[in-house]
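Asker: Quick note, the sequences are listed as chains A and B, same order.
By numbering that gives the first Met the number 0, the letter at position 230 of the first sequence is numbered 229, and the numbering carries on one by one without gaps.
By numbering that gives the first Met the number 0, the letter at position 127 of the second sequence is numbered 126, and the numbering carries on one by one without gaps.
What the hints contain is simulated information worked out from the structure, not anything from laboratory work.
A hint or two may mislead.
Here are some, though not all, of the chain B residues that point toward chain A, as calculated from beta-carbon distances under 8 Å [what the hints assert, rightly or not]:
#1 53
#2 73
#3 80
#4 88
#5 90
#6 99
#7 103
#8 108
Ideal Cβ placement from N, Cα and C applies to all residues, glycine included.
Listed here are the chains, written in short residue letters.
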Amino acid sequence: MTKRKTWLYAIPYGLWLALFVIAPVALIIYQSFFDLSHHLTISNYTTYFQSATYLKMTLNSVWVAFLITLFTILISYPTAYFLHHLKHRQFWLLLVILPTWINILLKAYAFIGIFSQAGLANQFLTFIGIGPQQILFTTASFIFVATYIQIPFMILPIFNALDDLNPAFINASKDLGASGWQTFHHIIFPLTLPGVKAGIQAVFIPSLSLFMLTRLIGGNKVITLGTAIEEHFLTTMNWGMGSTIGVILIVAMIIVMTLTGDQQSKGGTPR
Amino acid sequence: MTQPIITLHHVTKRYGDATILKNINLTLESGKFYTLLGPSGCGKTTILRTIAGFTDVSTGDVLFAGKRINDVPANKRNVNTVFQDYALFPHMTVAENVAFGLTLKKLPKKEIAKRVTQALQLVQLADYGDREISALSGGQQQRIAIARAIVMEPQVLLLDEPLSALDAKLRRQMQAELRDLQQRLGITFLFVTHDQEEALAMSDEIFVMNQGEVLQSGSPVDIYDEPINHFVADFIGESNILPGKMIADFEVAFGGHQFECADAGIPVNEPVEIVIRPEDLTLTDLAQAKLTVTIDAQLFRGDYYEITATDNLGNHWLIHSVNPTEDGERVGITFRPQDLHVMRFGEKEAEFDARLETYETEDDGHDEA
Chain A
0 MTKRKTWLYA
10 IPYGLWLALF
20 VIAPVALIIY
30 QSFFDLSHHL
40 TISNYTTYFQ
50 SATYLKMTLN
60 SVWVAFLITL
70 FTILISYPTA
80 YFLHHLKHRQ
90 FWLLLVILPT
100 WINILLKAYA
110 FIGIFSQAGL
120 ANQFLTFIGI
130 GPQQILFTTA
140 SFIFVATYIQ
150 IPFMILPIFN
160 ALDDLNPAFI
170 NASKDLGASG
180 WQTFHHIIFP
190 LTLPGVKAGI
200 QAVFIPSLSL
210 FMLTRLIGGN
220 KVITLGTAIE
230 EHFLTTMNWG
240 MGSTIGVILI
250 VAMIIVMTLT
260 GDQQSKGGTP
270 R
Chain B
0 MTQPIITLHH
10 VTKRYGDATI
20 LKNINLTLES
30 GKFYTLLGPS
40 GCGKTTILRT
50 IAGFTDVSTG
60 DVLFAGKRIN
70 DVPANKRNVN
80 TVFQDYALFP
90 HMTVAENVAF
100 GLTLKKLPKK
110 EIAKRVTQAL
120 QLVQLADYGD
130 REISALSGGQ
140 QQRIAIARAI
150 VMEPQVLLLD
160 EPLSALDAKL
170 RRQMQAELRD
180 LQQRLGITFL
190 FVTHDQEEAL
200 AMSDEIFVMN
210 QGEVLQSGSP
220 VDIYDEPINH
230 FVADFIGESN
240 ILPGKMIADF
250 EVAFGGHQFE
260 CADAGIPVNE
270 PVEIVIRPED
280 LTLTDLAQAK
290 LTVTIDAQLF
300 RGDYYEITAT
310 DNLGNHWLIH
320 SVNPTEDGER
330 VGITFRPQDL
340 HVMRFGEKEA
350 EFDARLETYE
360 TEDDGHDEA
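When you get a sec, could you build the whole thing from the sequences and use the hints?
Answerer: Pasting the structure below:
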């Protein structure tokens with residue numbers, strides 16, 4: 000009786016898993032073995048691994064995603080650390096989370112306005128005597144906006160990790176003679192690393208597949224894996240090749256999850 | 000008297016409107032085992048934190064070996080702490096935890112290894128260096144926390160309720176070990192607990208605290224035999240506390256009779272409270288009875304019977320007796336004059352001590368056993 004009931008609760012999740020995880024992944028893998036004329040083949044993979052263009056595009060996409068993740072961490076860790084020490088920290092945190100409620104396209108259009116020839120950024124550059132620059136449609140502006148969009152997803156897990164950190168560890172460290180910096184280096188950072196890793200997972204993979212931003216802000220100068228997939232599905236109609244890159248993206252995801260996953264680290268889970 | 004190692008001088012601590020510590024004065028000598036004893040929220044842990052350097056005092060001075068250390072940060076103080084939940088670093092092995100403080104001092108690797116081994120031997124966990132913290136039992140974590148603190152060779156070790164998470168049997172074993180360790184190391188221990196049994200068993204001197212004040216300090220025997228007021232008598236051990244009246248020096252009335260007692264220096268006819276410990280009461284036949292009581296109930300406690308009884312005036316009595324009795328039976332109870340302890344209402348420790356001086360000097364026949 001009870002067993003049967005528990006089983007019923009699993010239905011929504013089971014459906015979710017089947018329809019939105021297993022089926023799409025299976026379809027992508029299936030499609031990736033068909034060429035344009037619907038013949039079963041591995042030519043998509045051979046093309047991908049033999050083409051300098053595809054490999055360079057992938058490397059470039061990984062590099063850009065790496066830079067976005069790196070800048071996100073560099074900004075988010077100090078921010079989360081600072082927020083965590085504030086009195087009404089939940090409120091200040093909310094202000095950081097707030098922009099995530101706004102549609103990404105709206106934010107992208109806002110940045111087009113800010114970065115355009117007559118935009119705020121160029122007005123400022125003119126004002127300080129540098130003169131107007133080409134900001135929009137550069138790799139730098141793409142990384143800037145992508146970092147801005149990803150920051151909340153990095154701050155949140157780091158903030159939570161700091162929140163979970165037992166303050167007695169910090170006292171214990173100081174008690175044993177550690178300075179503030181030594182305490183941070185030896186105790187606080189290692190113990191909040193799981194939060195950073197969770198942040199990397201939440202930022203790196205989505206950054207690999209960002210595609211609207213590449214066009215709106217990056218002016219198609221940056222081709223990410225996501226852009227490539229979109230082009231193949233919607234423009235060149237080469238679903239097989241698009242799926243192959245999709246599989247590459249899934250593999251990249253697995254690699255990142257493995258690298259940042261909870262290895263059976265010594266000492267076990269922090270309390 | 001040697002130079003005190005720690006002195007708190009008129010220390011107060013306020014958080015907003017709440018006063019956590021009210022004018023605390025205490026002196027710790029080198030090489031003794033001290034205990035701060037009190038119910039939770041009495042400020043005992045706050046005192047520990049002011050000495051460790053985790054909490055600033057609002058007013059007053061904290062002295063270490065005569066030097067004011069109010070403004071010295073925690074990492075520069077020559078005291079170490081064993082935390083209530085041990086606070087062992089979960090991402091380090093046992094040996095790395097114990098070595099942490101020495102590594103920061105940049106001591107040679109060989110010396111660190113030697114001292115870590117010694118510290119682990121001292122807490123009888125010599126083979127545990129490579130273990131993960133999560134692989135240790137509560138009692139083992141406890142020992143590692145102690146090893147991590149004493150490896151620093153502090154002059155004062157602060158222990159914040161370190162035994163509260165252990166089961167009863169292990170706790171008793173650790174009490175003996177801690178006492179033994181303190182005597183071998185010869186350093187000052189300041190131990191915080193709410194467990195009076197723990198305090199009595201281990202300490203050279205106990206500070207009984209309540210609501211941010213030190214009510215009484217003294218040896219375990221002094222505090223047990225001569226509690227200063229109702230709170231201390233009630234908090235330390237079990238006791239019968241009865242209203243009474245002082246008749247003359249060494250004579251007090253309660254329960255409808257007058258009795259010889261061991262207290263003096265109290266004005267005649269002053270209302271007082273009488274403390275009699277349950278183990279000092281002896282059941283006897285009615286002919287020899289100082290008071291007559293009716294037995295209400297008895298519990299077998301293994302090494303004694305815990306008997307509750309009521310006297311003619313309706314006062315409840317708690318008696319510890321080796322021999323059982325019958326429920327509902329009328330029996331006599333008897334006690335010696337020195338088993339009575341008279342407490343004045345609102346007497347401060349200084350006044351109490353001064354009063355004891357006046358009559359305890361000539362005959363030191365006060366019950367010290």
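Asker: Would the stated hint for residue 108 of chain B survive a check requiring a Cβ distance to chain A of less than 8 Å?
Answerer: The hint is violated - residue 108 of chain B has no Cβ within 8 Å of chain A, the shortest such distance being about 17 Å.
Asker: Next item in the hint list is residue 88 of chain B. Is there a CB on chain A closer than 8 Å to its CB?
Answerer: For residue 88 of chain B, the interface hint holds, since the closest Cβ of chain A sits about 6 Å away, which is under 8 Å.
Asker: So, residue 80 of chain B near chain A? Judge it on the closest CB pair being under 8 Å.
Answerer: Constraint on residue 80 of chain B satisfied, holds at 5 Å.
Asker: Min Cβ distance, residue 90 of chain B to chain A: is it shorter than 8 Å?
Answerer: Holds: closest Cβ of chain A sits about 4 Å from residue 90 of chain B, inside 8 Å.
Asker: Hold the hint about residue 103 of chain B up to the distance rule: shortest CB distance to chain A must be less than 8 Å.
Answerer: holds, 5 Å
Asker: Is the hint on residue 73 of chain B kept, meaning its closest Cβ partner in chain A is under 8 Å away?
Answerer: Since chain A brings a Cβ to about 4 Å from residue 73 of chain B, closer than 8 Å, the hint holds.
Asker: How about residue 99 of chain B: closest beta carbon in chain A under 8 Å, or not?
Answerer: Since chain A brings a Cβ to about 5 Å from residue 99 of chain B, closer than 8 Å, the hint holds.
Asker: Does residue 53 of chain B hold up as a contact with chain A if the rule is Cβ-Cβ below 8 Å?
Answerer: holds, 5 Å
Of the numbered hints listed earlier, the single one contradicted by the structure is hint 8.
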